[in-house]
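> Those protein sequences? They're chains F and L, same order as listed. Residues 1 to 169 in this note's numbering are what the first sequence lists, from first letter to last. Residues 1 to 169 in this note's numbering are what the second sequence lists, from first letter to last.
Hints listed in this document are in silico derivations from the structure and should not be mistaken for laboratory results. Computed from a prediction, not measured in an experiment: that's the story for all the values here. Be aware that one or more of the hints could be misleading.
Derived coverage of chain F by chain L (criterion: at least 3 residues anywhere in the stretch with Cβ under 8 Å from a Cβ of chain L; other residues may be distant) [what the hints assert, rightly or not]:
#1 1-11
#2 15-24
#3 55-66
#4 108-118
#5 121-133
#6 136-146
C-beta atoms are modelled at their ideal positions from N, C-alpha and C, and glycine is treated no differently.
So the chains spell out like this:
Number of protein chains: 2
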Amino acid sequence: MSNIPGVCVSPDKETQKYVFNHTMLRIKDPKASLDFYTRVLGMKLVRKLDFAEWKFSLYFLAYVPEGTDVPTENEANARYAFGREAVLELTHNWGTEEQETTPYHNGNTEPRGFGHICISVPDIQQACARFESLGVNFQKRLGEGGMKNIAFVKDPDQYWIEVVQPGLL
Amino acid sequence: MSNIPGVCVSPDKETQKYVFNHTMLRIKDPKASLDFYTRVLGMKLVRKLDFAEWKFSLYFLAYVPEGTDVPTENEANARYAFGREAVLELTHNWGTEEQETTPYHNGNTEPRGFGHICISVPDIQQACARFESLGVNFQKRLGEGGMKNIAFVKDPDQYWIEVVQPGLL
Chain F
1 MSNIPGVCVS PDKETQKYVF NHTMLRIKDP KASLDFYTRV LGMKLVRKLD FAEWKFSLYF
61 LAYVPEGTDV PTENEANARY AFGREAVLEL THNWGTEEQE TTPYHNGNTE PRGFGHICIS
121 VPDIQQACAR FESLGVNFQK RLGEGGMKNI AFVKDPDQYW IEVVQPGLL
Chain L
1 MSNIPGVCVS PDKETQKYVF NHTMLRIKDP KASLDFYTRV LGMKLVRKLD FAEWKFSLYF
61 LAYVPEGTDV PTENEANARY AFGREAVLEL THNWGTEEQE TTPYHNGNTE PRGFGHICIS
121 VPDIQQACAR FESLGVNFQK RLGEGGMKNI AFVKDPDQYW IEVVQPGLL
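Kindly produce the complete structure, drawing on both the sequences and the hints.
See below:
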C-alpha cells in the first residue's frame with residue numbers, strides 16, 4: 001500500500017512513540033452513557049475529571065485486560081489513561097441531563113462528519129443476540145443492507161457503534 | 001470510581017474480549033489526509049477497501065509498533081485491522097476531492113457532537129515544535145486557553161486532534 005498517493009512509508013522517527021489515545025464524544029447524561037458503555041459494552045471507567053469552573057466533566061472509558069489494575073493515584077492514573085490506546089472520552093456539560101432529548105448530533109445526517117466508533121467482538125451473532133436481549137437500539141441488524149456481516153447499534157445519544165467480528169469478511 | 005451513578009463494575013464476562021477497534025471520520029481528499037496522518041502524525045495505512053458499486057473507499061490507519069509486519073493476505077489483514085485497538089477509519093466518498101473546501105463538519109460548532117481525536121506523545125514541546133515546522137494548523141497552542149499543557153491541531157478536514165503528554169498534568 002506504499003504506492004497510494006499521499007502515503008508516507010517511512011515517517012519521521014520522532015513519531016514512533018505517538019499513540020492514538022482517545023476519541024471524544026459529547027453526551028447528554030453520564031448516568032445513561034456510563035450504564036451503556038460499562039454494562040452493555042463492558043468498558044471500564046478509568047479516569048474522571050470535573051471542571052467546576054467551566055461546568056463540565058470528562059469520563060474516560062476503555063477495555064482493561066483482566067488482571068490489570070488501573071492505578072488510582074492521580075499522576076499514575078493520568079499516565080495510564082493518557083498513555084494507552086483506545087480510550088473513549090465522554091464530555092458532559094452540566095445540565096444537559098435535564099433535557100428531554102440529546103442536544104448532540106451523531107454526524108450521520110447533514111452536516112455529516114464523524115460517523116461512528118466500532119467494537120470488534122469474538123462472536124458477532126452472540127454479541128448481537130445479547131444486545132437484543134438487553135433492549136439495545138439497532139441502526140442496522142446483521143443480514144440487513146449491503147454489508148451482511150456487520151451491525152450498528154446506537155448509544156443513548158444516538159451515536160452509532162459498529163460491531164464487527166475480525167475474521168468475518 | 002465504582003460509586004458513580006451508571007457505572008457497572010462487574011460487566012458480563014461475555015464482553016471481556018470486546019475491543020474498541022476504530023473511529024470513523026469522513027474526509028474530502030484521501031491524498032491530503034493520508035499525507036497528514038502518515039507523514040505528519042506517523043500512522044501507517046494498514047488496510048484499504050474500495051466499494052466501486054457505492055463509490056466510496058475506506059482507509060484504515062494505526063500506529064504499528066516497529067518490527068510488526070502487518071499481514072498483507074486479505075483475511076489475515078482483515079483480522080489484524082479489525083482485531084486490534086486504536087484504528088482510525090477514513091471514509092472517502094468519491095468525488096469530494098474535487099470540491100474547494102471540505103463538505104464535512106468537525107462537530108465543534110453547532111450542531112455539536114463528536115469533538116476530537118487525541119494522540120499522546122512522549123514530549124509535547126518537541127511534538128508541537130515539529131508540527132509548527134511542518135506548517136500544521138493549530139486550533140490551540142501550548143500555553144493558550146484554560147489548559148496550558150495540551151494543544152489542538154487540525155487535520156485537512158478541520159477535525160481537531162488533541163495532543164497530550166501522559167505525565168503532564
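> Each hint should be assessed against the structure and marked as holding or not.
Against the structure, the hints come out as follows:
no.: 1; hint: 1-11; in the structure: holds (count 8)
no.: 2; hint: 15-24; in the structure: holds (count 10)
no.: 3; hint: 55-66; in the structure: holds (count 3)
no.: 4; hint: 108-118; in the structure: holds (count 8)
no.: 5; hint: 121-133; in the structure: holds (count 5)
no.: 6; hint: 136-146; in the structure: violated (count 1)
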